[in-house]
Amino acid sequence: MQPFSYEKVTNEHEAIERARLGNATFVAGGTTLVDLMKLNVEVPAALVDINALPLNQIEDQSDGSIRIGALVRNGDLAQDSRIQSRYRVLSQAILAGASAQLRNMATTGGNLMQRTRCYYFRDPVYPCNKRQPGAGCAAMDGYNRIHAVLGVSDKCIATHPSDMAVALVALDASVHIRGANGERAVPITEFHLLPGDTPHRETVVRPGELITYVTLPSGPFGAHSAYVKLRDRASYEFALASAAVALQVEGTTVRSARVALGGVATKPWRALQAEQVLTGSTANTAAFRNAADAALTGAVSRRYNAYKIELAKRAIVRALTDALMD
Amino acid sequence: MSTAVGGSISRKDGWVKVTGRAPYAADHPIAGVAHAVAIQSTIANGRITAIATSLAENAPGVLAVIHHGNAPKLYRPENDFMSATKPGEARVVFEDDRVHYSGQYVAIIVAETLEQARYAAELVKISYAVEDPLIETDAALDSAYLPDEFFGEKLTTKRGDPDGALSGAAVTHEASYTTPIEHHNPMEPSASIAVWNGDELTLYETTQWVAGARKTVAQTLGIAEEKIHIVSPFIGGGFGCKGFVWPHSVLSAIAAKKVNRPVKLNLTRKHMFSACGHRSETKQHVRLGAERNGRLVAIDHDTVVQTSTVEEFVEACGNTSRFLYSCPNVRVRHRAVRVNVATPTPMRAPGENPGLFALESALDELAYKLNMDPVELRIVNHADVNEHTRKPWSSKYLKECYRMAAEHFEWARRALQPESMRDGNVLVGWGMATATYPGIRSPGAAKVRLLQDGSVDVISATQDMGGGTYTTMAQIAADVMGVAIERIRTVLGDSLLPPAPVSGGSMTTASILPAIRKAAQDALSKLRQLAATMPASPFTNRPHDDIVAEGGRVFPKGADPSSGLAYEDVLKRTNQSEIEGEGYTGPGPERDKFAFQSFGAHFVEVKVDPEIATVQVSRVVSAFDVGRIVNPKTARSQGYSGVIMGIGMALMEHTVYDSRDGSIVTSNLADYAIPVNADAHSIDILFVDKPDPFIDSDGLGARGVGEITVTGVAPAIANAVYHATGRRIRDLPITPDKLL
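Protein sequences appear in the order of chains A and B.
Residues 966 to 1291 in this note's numbering are what the first sequence spells out, letter by letter.
Residues 9 to 748 in this note's numbering are what the second sequence spells out, letter by letter.
Hints listed in this document are in silico derivations from the structure and should not be mistaken for laboratory results.
Because the structure is a prediction, the values reported are computed rather than measured.
Glycine residues also receive a C-beta, built at the ideal position from the N, C-alpha and C atoms.
It cannot be assumed that every hint is accurate.
Stated by the list, open to error - Sample of chain B residues at the chain A side, in silico, Cβ under 10 angstroms:
hint	residue
1	E130
2	H237
3	V239
4	H552
5	D554
6	A621
7	A678
8	D679
9	P683
10	L694
11	P744
12	L748
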């Protein structure tokens, strides 16, 4: 761990002004950042503690949407009665992640910013294009059982580890980001970046910007949604593959569908092809399997992670089945 | 007579542990302690060509940087288990510039604070001349060799004509089974605090063997054993990785010497993955031949394991196959390959545990070929004597274990065919396997001290890894002394105490409790003597063997106890602060006459969701014959822990080395999965609870319960997975990718 300064800010303006000076990293729950600092993967010169900012409310908006402060703890968000009734898949996804202790610390904004569990990213002995652009990727020909098959590039195959973000993708959330020039809203599907040639750039958040809120639109998906997470043990474990799905069904016909994947992609993954297959089809296992096949079209595996293609399909079919019965 | 032995007594150390007051190794408050951080190699094979330390030496708070270039002379200890001089690896730390595996200690930083030491450690730049490492067993097979012995047991043996019997057998089965590298991962990482006082050294440790630590560290440092005091009152789990002496215990000592003040070295979880042993990967090939009625005619168990380039430790997978079942033709062979990985060491039931995965999986496969119930197959092949040593068993209730566990499990309702039991859309599988572990006993000594307030200290240089030794020691003392268990204090984990063996090999109960019984009897004898001879004795004119000391009172034989004196009154009247009894016992000629072995059986239900490749171990019933149960509560907990550890072995645990450079990529508890509560469901632990009549001469009859509980769990689960799905997984762990 490298020496760093630490300061607290009490309002958004102050936070942004401080961040504009450069070399500063916001810290909220610290559940990822502090770990990575101990590993010398993150080496901020200054930590700016934003926990005192008034961004810890979950609020109904007049247009029927819901606004979640960036500092709302994962545990509080998962247990909120509005989230549980109207956005059940989000509650399920959060509760499938980490442990109760971690969820009580981790925040909504921090969860979106969490970094990959790639072994090689977390060990500075190895080359990593994410840590050091151009250094090379040790995972590509290393032990890549937990790595991505979707959205990969020849520079990076690291998965995005979030469960929460996968549900947000399925729910068409927006992320509100505030900078010196005001606030902008970014669709969650555009918030995270594909690695491409620049795997060190993971989100659209620019230096000096602060995530303030996440909003969830009102939608027809409250009735039928589900999160399925497949992993090496029953709890406290990252996904090998996960699926967040939501269905709008009339009779036996799917009117619209959302399918998002975790654990298999370099960013929280929206499977639009799967949604297209589902829309208008009869809600049954055959259609679900077709959708799952569509979702994994274009998947690229490496030596140890080919199983993820099939595992992800199974997760999708199970999630759609669960959602239909929901 | 009170009967503490046999009672479900809550652990005496429970309260201090749950209130955070039990001092584990790193917790001892030592004034002026400096902090050390060990630096590990990042290459697996080669030489250190340069160590640049000036940046680190000039960093704030740094007191010393020690490495092979400036370390004091260290000496290789005898490296002999029997003489308590057993290091984890033969090579001593900082011996030379050679690097044998990734994670080897190459330097140590000492600083005023832990943070300063950690920071300075990052400033040390080490240059290497890298050579290609040999990491994988298959790549090293050409250089496989035949190691001779494992703790005195030959590693290649044959009886009869296995090849001939196999070629003539009515039914045969042949398959390969593999288990991965696994790590002990106790909750408490190893730690060492070294305090020098002149030429005398106190080491605060977390060790399963204070006597071994003392002698081995003494030889390594080249000082007299008497100059070293090992203190290890609490151990946060060991499972074998704290049995032998690993380099950190020597590093803290040389660092403290160098900076002339106490030094604490606390390993990180990452250190634990290469600095205190692991279970080797195993590749086992099993051939079985049987008659149509299930009688085994041949067993051939061939094993390849890894060992390091700085030590020979062999995971003796096949040795159990020599006697677990009756069979006239048996061949067992072990080969080892030397690879550039850290040194393996005993891990809970070394040999038996991975060995039974192969043998008990193979038996299950044979049972299907014979269209026979797997329990029936095992009963048909029951070994009435140990056919390897040709000795009768001291006692054996394996059939009773099968019967008890099967009945409790309702095994009779099992359908023989795979994929034939369901719970909705979930496949249900029932599998079973035999468990076994030797009944080891070693010499041990103890003291029992009766104090003037009537309380009792029971004392031995044994250790409590969390299994319950604090409590069982007090139980037997309570019974012999006739003093309530609440009034008994257990003192252990200190090399100044009467010597005791390693807390390994499940030998503690059988080794220490008889010694305590003798010591308590000795204390009572001295008490009676004192009572008979004290001035104004109410017992004057009675020979001391006509006096009874029992239930806290001393009184004439045949008289009402109330007519005599309380123990404490005898001490008070004679102005004695205490009476101390001594006891020393050990195994004798019974070892030449009998085979001492514990047995058991696991019956497992799994629920497999085939669409999402998920296995849940929904129900386990295990029964064990381990002689007398001293404390059903702590023994049951050992059962739970063995079963849960077995669930981890079966379904998730595996350490992954990157074969390119030999680094461990899963060296933390997020990437190395062990079971969490959500993975453990219904577990019932049953005991036959019949004393072993020969293991001790005092009628206690307890064999150990620590290791047997994990043996056989993994194959029982794999067998259940096959029964559920028709998929035979011969390569642990059974992760979702293998069931797609």
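Okay, the hints, checked on the actual structure:
1. E130: At about 7 angstroms, which falls below the 10 angstroms cut-off, the nearest Cβ of chain A leaves the hint on E130 of chain B intact, so it holds.
2. H237: At about 34 angstroms, which exceeds the 10 angstroms cut-off, the nearest Cβ of chain A leaves the hint on H237 of chain B violated.
3. V239: violated, 30 angstroms
4. H552: violated, 62 angstroms
5. D554: violated, 65 angstroms
6. A621: This interface hint holds because 7 angstroms falls under the 10 angstroms limit.
7. A678: holds, 7 angstroms
8. D679: Hint holds; D679 of chain B Cβ to chain A Cβ min 6 angstroms, cut 10 angstroms.
9. P683: holds, 6 angstroms
10. L694: With a minimum Cβ separation of about 26 angstroms from chain A (threshold 10 angstroms), the hint on L694 of chain B is violated.
11. P744: This hint holds: P744 of chain B lies near chain A, its Cβ roughly 6 angstroms from the closest one there, short of 10 angstroms.
12. L748: holds, 5 angstroms
Violation of the numbered hints given earlier is confined to hints 2, 3, 4, 5, 10; the remaining hints are satisfied by the structure.
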